[in-house]
Amino acid sequence: MTEIEKEIANYYLIPELIWDKIPIDTVEKMRENLTVANFKKDEQIYTEGFHPRGLYIVKKGIAKQFLISNEGKEQIIYMLKPGNMFGYRSIVCNNASFLHVTAIQDCEIEIIGKDTFVKYFNESNEIKLFFLNYFGMEFRVLFNKISFFATKPVTERVALTLLILNQKFEIYTNDKNGITFTRTDLACFAGTINETLSRQLTILEKEDIIELRGRAILIKDKERLFKIANI
Amino acid sequence: MGKLEEEVSNYYRDEHPFWDKIPSPITKILRAQTSFIPVKKGENLFNEGFIPKGVYIIRQGILKLFVIDAAGREQIIFMFKKNEIFGYQNIITENSNLYFVTAITDCEVELIEKDVFLTMMKESSELNDYFMKKFGEELNTMVHKIIFFAQKPVNERVALTLLALNQKFNEPGKKSKGVYFSRKDVANCSGTIIETLSRQLKILSKEKIVKVDGRNIFILDKERLFKIANI
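Those protein sequence lines, which keep their order, are chains A and B.
Read in this note's numbering, the first sequence has 161 at position 169, and its numbers run on one by one without any break.
To convert a position in the second sequence, counted from 1, into this note's numbering, add 336.
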């Protein structure tokens, strides 16, 4: 990772597979009770007020985790890719989720049922430590996001959004077409509206920093985009 | 707590005393290793870029946790009061902190040294469970802060800041002191500048929603302020 990439990596959750971090016999026992669920593109995985059925691990596809404001506007907190997890916080804190999770591509999700999860969570120090560490990483990401939204104008928000999503998803999608999220999702991630996002994209294209190919956005000059993001 | 107060409470933390929640054998060991630090008003407890010395527990007083933006402006992310705990988030992941913490009144703070804390976390599953749950709840509050800064226009941010500071820093059953922080601190909590805050306060005063009395801001019509906050 270059210096720029390291900076950007402070703004998203790098997937870390739980299976790699806990003893193999615990892995095997936990996986005995694992179910796999498939979700179609745009299908809701869960909604606000729902008690997650367990620990969810993205196996294939991309999902978004978001809040809905009073006006019905989405604020995307995380874009999830294979290896990312969700649902655990509601179980640990014993509350209903206030986040929504929706598939934005066809998704395959592994679910470790709540009872199994809680049982092994309570028995295994390694699992606890794993999640404590994961919370620590989340703290860093959320904290960075808060201070970013609190202090940065829209130009910088859009630039950082492009850098984050490009870096997080480029290896996975492995296509040369760059970022292919919908404009609405990009706006909801950056905390702006479609019209403002489009205006910013047009400016960036004119400056030859990005290239727009239909829905795809190709970053041509990462250095300059990074300068604009001003992190 | 009414429904309105409950909604507002999603945006700040209010903790029970730490020592009451931990079984007494562990309390005994930790207490023996806990030092007590008086912090004067205006004093910096820690600066950005350091790994905290340990876990800080506020026994008395108010502190602010903030970041400084590229223009040198302060942005307050959390206002801490009695019983709140900080520093542990960075110790768990061995990350340097990304923020400053400064006392805004004379404070008394307890410090559990890092090594002691980490050792006890490994040995005591009760302590581990306590921090796990607390960490999760704190991340939930942070997710709400993202929507606050990413989506809310300034009038809504000011209204919500007033509601939250009023609710958090007045003791139930006692005579309300209203919001009694400096204008600069209230502005920095709302993600705006003093001039804009003053303009918003003037509008709210005219509408008889708040009453400004010197430094104190009293809420006259909570329902209407809540409507403006739009949460």
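One or more hints might be untrue.
[What the hints assert, rightly or not] Within a straight-line C-alpha distance of at most 25 Å, the following computed BS3-like cross-link-like pairs (lysine-lysine) qualify: (1) K21(A) - K458(B); (2) K111(A) - K469(B); (3) K106(A) - K400(B); (4) K520(B) - K400(B).
I should point out that these hints are in silico values taken from the structure, not numbers from a laboratory.
The hints, checked one at a time:
In summary, the hint linking K21(A) to K458(B) is supported, as the alpha carbons are separated by about 23 Å, within the 25 Å threshold. Distance restraint check for K111(A) and K469(B): the Cα-Cα separation of roughly 16 Å lies within the 25 Å cut-off, and the hinted pair is therefore satisfied. Between K106(A) and K400(B), the direct Cα distance comes to roughly 37 Å. Violation of the 25 Å bound is thereby established for this hinted pair. As the CA atoms of K520(B) and K400(B) are separated by approximately 12 Å, the hinted pair is consistent with the 25 Å bound.
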